[in-house]
Amino acid sequence: MFRETARGINFRFMSGEISAEEITRYFLKRIRLGDGAVGSILALLEEGALAQARELDHRKSRGDKLGPLAGTPILIKDNIHICGEKTTCASRFLEHFVAPFDAFVVTKLREAGAIFIAKANLDEFAMGSSTENSAFQKSYNPWDLERIPGGSSGGSAAGVSAMFAPLSLGSDTGGSIRQPAGLTNLYGFRPTYGRVSRYGLVSFGSSLDQIGPFARDIDDLILLQEVLAHHCPLDSTSLANAHEPLLTKDTSLQGKRLGVAFELLDRVDSDVSEVYHNAVETFQELGCEIVPVSMAFLEYAIPTYYVLSSAEASTNLARFDGVRYGRRSPDARELEEVYRLSRMEGFGPEVKQRIFLGTFVLSSGFKEAYFQKAQKVRRLISEEHKALFERCDMLLLPTTPTPAFKAGEITDPVHMYLQDLFTSSGPLVGCPSLSFPAGFSKTGLPIGLQLEGPLMGDRETLRFARAFQEVTPFASKSPPAFDKEFA
Amino acid sequence: MTPFALHWYNIGIFQGGPDEKARWNVFYGQRTPLLKNVEEELKSLEALCKITVRGEEREKLYSNLTRVLQYVEKLQELDTRHVKPLVLVHEGSSAPLRSDEPLDVMDRATFLKMIPDRIGTMVKVPPVMKDEL
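Taken in order, these protein sequences are the chains called V and P.
Per numbering that gives the first Met the number 0, residue 0 is the first one in the first sequence, and the count goes up by one each step.
Per numbering that gives the first Met the number 0, residue 0 is the first one in the second sequence, and the count goes up by one each step.
Since the hints were derived computationally from the structure, they do not count as laboratory data.
Remember, it's a predicted structure, so these values are computed and weren't measured experimentally.
Where a beta carbon is used, it is the ideal one built from N, C-alpha and C, also for glycine.
One or more hints might be untrue.
To spell it out: a stretch of chain P is covered by chain V in this simulated footprint if at least three of its residues, at any positions, have a beta carbon under 8 Å from a beta carbon of chain V; those stretches are [claimed, not checked]:
hint, region
1, 40-49
2, 61-74
3, 81-88
4, 100-110
5, 114-128
Simulated restraints on C-beta separations [stated by the list, open to error]:
hint, chain 1, residue 1, chain 2, residue 2, range
6, V, K441, P, R66, 27 to 37 Å
7, P, P125, V, S269, 57 to 67 Å
8, P, E100, V, E110, 17 to 27 Å
Looking at chain V on its own, in the form it has when it is part of the complex (with noise of 0.2 Å):
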């Protein structure tokens, strides 16, 4: 069953072959067995899980009608609050934080009928590119377990490559799903922003959170973004018309202009390289029209991005004062002690290190110099961009500049920044951006490339990923060591 797409799982359910209950037993254990190499789940919802099966089995037997995703067992990122559980943001901070309400996006899935099998690891605060920022354990890429699944949504990614669900929930805020959907060879999309709702997701940078999904098959990630995709008036930036219908019948890319940047490819890998050939053939076989684009822009699509991102996340983060919730350092004495010391301890040297830049980057004296310099450089890079959809459909980048690496290589801060190269300028721009299966490097490790779209081009942008699919075989593709039951 672990093969299983999501309709698939709820079909076999809708069906009466198998009950809610043994789908979420069945997922739990092998979630058990499997995932002591990988480290991707933080926490089995085991007692929260049961209940949800057995009430969808209750309400089956009772004749309601269900949602589309009924009996799907879904992994959700552990920023993304479900009421009760634990949201530890993997951080010291929020150790022992249980959620009081439910994200929106959560009640959507509620709805829907998914049951929440497990909360998934990730860098702290979401702030990294490989996992190994959390406070409580190291993720592994399924594909080989001494390198990175990625970050920050590297849990998300690694559980679903090792088939411990179809489908999870992460978050994005600068690549952060399509960077690890890349490296375990996922679809992993970042919607236009404001299509899907951040109400219940701990605040990272405001104006370039997204929530999305993970899936190993196209359809499976269209229809759990249908599901998520709503008007929420509990987020102000929630974009009134967030819902449309994303599956198409018509799968034509027939005269689509398909912009592509050679001149990327002088950063990247040469198996990145030759995967991003071989893709732009496809296209072409696909009835695409290829255009030629320059996206130098892109250098600076990284400062501006990290300027920005840190200087929300130090406001952001300002709300772990040690008072209201989350922790408390036993030592402080004094009111002051109580931030300085509960801080000290709490967070992480990744996310000090934020808080330290974007409290700079606004400091009296430097904010013109810094933010908004970086606010402004912001709307030069999204003028380049709008110029880029007036001459083509749709953007074909690399995703990673490399296959995954190995964990502990990358150490300097700036090396590590650059994992982001070709995902930064998306958030900035708003616009929607999807990592898909597109290969595999000589030594077996997947590849990912990225399609961007226009803003409110979602739709569009995941036809092109399901066209690809349909003549390429590297979304069937499950890393080896997993693709069997554990006993």
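We have chain V already, so just place chain P on it with the hints.
Just chain P now, with coordinates in the frame of chain V:
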């Protein structure tokens, strides 16, 4: 003194040109170290961040911060004198404000349960005033 000494005279001047790539790669300046008086600067940032950092962690933080700041200085290559800041991507499509009414989003007991230290329904914190005051 200002917490960070920074030299601004090395800013690159952006000059538009027909070739996109050339346009975006203009750089005329020399980069200079951004953090000068380390001890002072870190202390003042620590106070703003409300985070104490010590020992080895402090050194690592400082060296990483210097590295990252040097890297983001790349933005100074671009002339943005006539560019308006972009704050949110969906400009002009702001959501209608909610009416100012209390919503029943979380009950009081749940909220109180999250507080690390309290007396009854009140948040307990250590003294705000120092003894000598």
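Comparing the hints with the structure gives:
1. 40-49: This one holds; 5 residues, not fewer than the three required, reach chain V with a Cβ under 8 Å.
2. 61-74: holds (count 10)
3. 81-88: Per the Cβ count (7), the hint holds.
4. 100-110: With 4 residues closer than 8 Å to chain V, the region 100-110 of chain P meets the three-residue bar; holds.
5. 114-128: holds (count 8)
6. V:K441 with P:R66: 27 to 37 Å: Given range 27 to 37 Å: holds, Cβ gap about 33 Å.
7. P:P125 with V:S269: 57 to 67 Å: holds, 59 Å
8. P:E100 with V:E110: 17 to 27 Å: With a Cβ separation near 25 Å, E100 of chain P and E110 of chain V satisfy 17 to 27 Å, so the hint holds.
When each numbered hint is compared with the structure, no violation occurs for any of them.
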